[in-house]
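FYI, in this note's numbering the residues of the sequence shown are 143 to 544.
Check before you lean on any hint, since a few could be wrong.
20 Å max Cα-Cα, derived SDA-like pairs, lysine to any residue [claimed, not checked]: (1) Lys342 to Arg524; (2) Lys342 to Phe167; (3) Lys187 to Ala155; (4) Lys164 to Arg524; (5) Lys187 to Trp467; (6) Lys187 to Phe205.
It is worth saying that the hints were derived from the structure and are not from the lab.
These numbers come from a predicted model, not from an experiment.
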Amino acid sequence: MSTELPAAPRGTAGEVAATFLKLGFTSFGGPIAHLGYFRAELVEKRRWIDEKGYGDLVALSQFLPGPASSQVGFAMGLLRAGPLGAILAFLAFTLPSAILLVAFAFGAAWVAGPIGAGVLAGLKVVAVAVVAQAVLGMARTLIPDRQRAAIAVVAVALVVLVGGVFGQVGAIVLGAIAGVIFCRAVIPDAVSSVRFPVSKTAGVVALSLFGLLLVGLPILAATVRAPAVAVFDAFYRSGALVFGGGHVVLPLLETQVVDPGWVSRGDFLAGYGAAQAVPGPLFSFSAYLGAILEPGPNGILGASIALVAIFLPGFLILIGVLPFWNSLRTRPLAQAGMRGANAAVVGILAAALYDPVFTSAVTGAPQFLLAVICFTLLVAWRVPPWIVVLVGAAGGILIGLF
């Protein structure tokens with residue numbers, strides 16, 4: 143088994159932490175919007191990775207179980223500053239939303255009232271502009287010819303007509319197959335120099351640990367009957383068995399915490415509503431649930447257990463796959479497949495731009511005008527996304543008041 147030395151990181155842990163802390167406070171709109179914020183900050187502004195490498199990583203994260211945008215962030219931290227960078231990227235991106243949701247669990251219902259509703263509506267509109275910018279930018283690089291444009295259109299159709307995880311994963315798989323068939327004769331692009339610092343030995347260990355926990359935790363929970371183990375098992379399985387992340391995890395979480403009586407259905411829905419109003423990953427909803435579990439563990443301890451457990455499987459399987467993906471993606475056949483998969487990613491983003499991003503945010507002419515303003519600020523004026531977030535929030539409040 144290969145034990146080759148990983149590629150050297152190219153940045154500092156502090157740089158990664160600061161960058162993802164800013165993203166953690168400003169990335170509203172769900173996982174698809176997060177990918178747009180990441181692209182603007184890490185590809186366009188900071189140039190930590192090229193467009194093709196980023197497209198490859200997004201395609202991989204969409205195919206793996208777990209929270210897609212958090213996996214991309216974890217991998218970018220790993221690329222930039224090694225294992226410490228990966229951990230700090232996760233913590234900095236996740237903790238702002240987790241802390242806000244735990245505060246909500248303790249009674250700080252700051253999202254209530256017309257002002258809070260206006261801010262939430264405005265932030266949904268900002269997500270429209272951010273995702274539209276990401277689709278436009280990625281399309282220029284990842285679908286430069288008719289073959290890949292056709293793959294993207296088929297991916298849009300699959301996601302819109304089939305929907306759910308089957309539509310998304312099916313679009314990636316069919317896109318890769320179509321790439322092998324139709325994109326092999328395409329003049330090869332320069333191979334992205336991105337190489338993640340994970341050895342194959344570390345990858346095998348991570349995949350083994352993922353499987354061991356998935357099988358062993360239910361047995362351990364039934365044997366020792368310790369509440370903390372049962373909670374860790376419930377949230378770990380929720381994170382391990384969901385594809386697409388985000389809203390897809392909600393029915394799994396409801397089964398794990400509402401059905402056994404740990405959380406009431408009313409409290410579950412109230413927390414889900416609050417989760418829509420905070421930046422960062424929707425998986426942070428687990429921190430709220432962990433904080434209110436009955437009989438326990440709950441509070442800060444319960445929130446910490448739930449948060450670590452739900453993210454851990456997605457990160458383990460990502461670490462397990464990355465070293466093999468490092469070598470596989472350099473082969474001509476794999477490159478053709480990735481061309482098709484990347485085109486499908488653009489199609490998935492375009493479909494998400496329509497539903498749920500546009501349909502849930504643009505409910506009338508004022509919201510449409512605000513979306514156009516935000517898009518123009520991003521694309522034509524090159525205004526930083528965090529400023530556009532403030533403009534969208536203020537616009538949402540004005541629309542709500544008048």
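Okay, the hints, checked on the actual structure:
1. For the hint linking Lys342 to Arg524, the alpha-carbon distance of about 41 Å lies beyond 20 Å, and the restraint is violated.
2. Restraint check for Lys342 and Phe167: the C-alpha separation of about 34 Å exceeds 20 Å, so the hint is violated.
3. Straight-line distance between C-alpha atoms of Lys187 and Ala155 comes to about 18 Å, which keeps the hinted pair within the 20 Å bound.
4. Restraint check for Lys164 and Arg524: the C-alpha separation of about 18 Å stays at or below 20 Å, so the hint holds.
5. Between the alpha carbons of Lys187 and Trp467 the distance comes to roughly 26 Å, so the proposed pair goes past 20 Å and is violated.
6. Taking the CA atoms of Lys187 and Phe205, the gap is near 27 Å; set against the 20 Å cutoff, the hint is violated.
Taken one by one, the earlier hints fail for this structure at numbers 1, 2, 5, 6, listed in ascending order.
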